[in-house]
Amino acid sequence: MDTTLTRRSFIEQIMGLPISVHVRGPQAGSAEVADAVDTVFAELRLVDALFSPFRPDSLVSAVNRGEPVSDPLLDAVTDLCAQARERTDGYFDATLPDPSGGTRFDPSGLVKGWGLERAAARLAGHEAYVSGGGDMVLRGSWRVGIEDPSRPDRLLTAIEVADCAVATSGGAHRGAHIIDPHTSAPAIGLRSVTVIGPSLTWADVYATAAVARGPQAVVWLAGLPGYEALLVRDNGDLLATPGWPR
Amino acid sequence: MRRITMWFVATVAVVVLLFSYRTSTMGTTAPAAAAGAGAPGIVSGSTSDSAAAGPPDNSASTSGSGSTSGSTSGSGSTSGSTSGSTGNLVVNGSVAQTRWGPVQVQVHITSGKITEVTALQVPSGNHRDIEINSYAVPQLRSEVLAAQSATIDVVSGATVTSDGYLESLQAALDSAHFKG
Numbered sequence: 001m002d003t004t005l006t007r008r009s010f011i012e013q014i015m016g017l018p019i020s021v022h023v024r025g026p027q028a029g030s031a032e033v034a035d036a037v038d039t040v041f042a043e044l045r046l047v048d049a050l051f052s053p054f055r056p057d058s059l060v061s062a063v064n065r066g067e068p069v070s071d072p073l074l075d076a077v078t079d080l081c082a083q084a085r086e087r088t089d090g091y092f093d094a095t096l097p098d099p100s101g102g103t104r105f106d107p108s109g110l111v112k113g114w115g116l117e118r119a120a121a122r123l124a125g126h127e128a129y130v131s132g133g134g135d136m137v138l139r140g141s142w143r144v145g146i147e148d149p150s151r152p153d154r155l156l157t158a159i160e161v162a163d164c165a166v167a168t169s170g171g172a173h174r175g176a177h178i179i180d181p182h183t184s185a186p187a188i189g190l191r192s193v194t195v196i197g198p199s200l201t202w203a204d205v206y207a208t209a210a211v212a213r214g215p216q217a218v219v220w221l222a223g224l225p226g227y228e229a230l231l232v233r234d235n236g237d238l239l240a241t242p243g244w245p246r
Numbered sequence: 001m002r003r004i005t006m007w008f009v010a011t012v013a014v015v016v017l018l019f020s021y022r023t024s025t026m027g028t029t030a031p032a033a034a035a036g037a038g039a040p041g042i043v044s045g046s047t048s049d050s051a052a053a054g055p056p057d058n059s060a061s062t063s064g065s066g067s068t069s070g071s072t073s074g075s076g077s078t079s080g081s082t083s084g085s086t087g088n089l090v091v092n093g094s095v096a097q098t099r100w101g102p103v104q105v106q107v108h109i110t111s112g113k114i115t116e117v118t119a120l121q122v123p124s125g126n127h128r129d130i131e132i133n134s135y136a137v138p139q140l141r142s143e144v145l146a147a148q149s150a151t152i153d154v155v156s157g158a159t160v161t162s163d164g165y166l167e168s169l170q171a172a173l174d175s176a177h178f179k180g
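For the protein sequence lines, the chains are A and B, in the order given.
Take the first sequence: its position 74, counting from 1, is numbered 74 in this note's numbering, and each next residue is one higher.
Take the second sequence: its position 158, counting from 1, is numbered 158 in this note's numbering, and each next residue is one higher.
Since the hints were made in silico from the structure, they are not lab data.
The structure presented is a predicted model; accordingly, all values stated were derived computationally and were not measured.
Every residue gets a Cβ at the ideal spot worked out from N, C-alpha and C, and that includes glycine.
FRET-style restraints, in silico, Cβ to Cβ:
| id | chain 1 | residue 1 | chain 2 | residue 2 | range |
| --- | --- | --- | --- | --- | --- |
| 1 | A | GLY90 | B | GLU116 | 38 to 48 Å |
| 2 | B | SER111 | A | ILE179 | 52 to 62 Å |
| 3 | B | ASP163 | A | THR103 | 25 to 35 Å |
| 4 | B | THR115 | A | THR183 | 38 to 48 Å |
| 5 | A | PRO242 | B | GLN97 | 25 to 35 Å |
| 6 | A | GLU160 | B | ASP163 | 24 to 34 Å |
| 7 | A | VAL219 | B | VAL117 | 26 to 36 Å |
| 8 | B | GLU167 | A | ALA185 | 25 to 35 Å |
Model the full structure from these sequences, guided by the hints.
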């Protein structure tokens, strides 16, 4: 697709994240596309309202107050969190220790990717991407720059990928914020992990779990069918799975 | 003769490393003080040693702590002369510092032939490190500068928060196509 054809971006702040939607092609400037993008943002606002641990009226807050909650989306997320824990050998865990000594349910680490994936489905048939804070769903072929975690104004590399999801986890912008659930200590050894694959839900879960797991996660990532990864170690060295595009 | 033996044991250590690691990249093998597994030198032998066989050149680690039999050879100094070693010898190699950590082997020599090689020290978690290392991609580093000038559509990075958005590369890409 000739990029001199119309391309349009849309930006909103949702879930505390900058959400960027780009649509490319002759229809990019149409009202139809603008309406479709509105439904993307509406979907993300709904996901935030249901699952934000910071909103007292969210399903997650109700669960943590011990209230009985029946909701098909909550059931879906709860199931995915259980799957994520299993697939990552426990390095992704939505059950977090509470300051009071108990535990609380916080599916935020999964809901972001899952929500973006659901929302991006509203753009089916368009050449577009939906990115939320550096995690994205791509439809059509796009050139993705991978941020250097030690210098976020620079790129480590750029790859051209099509019809897939890209997620990066790490502590570049907020310090060490990923905890190893097995030790309850901040994860060490990796500055960032970028995962590419068919689903943003899983690319994001795998990237987060890999940061918690440390450098040996590259061996685990290499065994995940359909997903490839680029890892940046604390000393700046790079690791990649054999199928990483280069 | 003993110098030759020590050199030989050091060579054995390197050979053991090469076989166990299956990789061609070796770090430097500069000897270092034994970390505790065993002082370098002959730890037992049927050829008797004089107790003061020359000045010790490895004074920090010559206490003979790594003995595996009752007949340690006094100071364990690796220099000095001794008579021909035609009997049974047990020799600790010097500690080889590899990129994966210190490695030291002990060699049993009977009638001039190696009959047994055991590892006194191996780097902890070395197999994991080597496995990880096999995924290294140093060539990507040379692409760093090229990527700066490449035209890109979107940036993937560790969670950009709303606070950091305005300074991000993504913000620049968004503004280039934003029509309000």
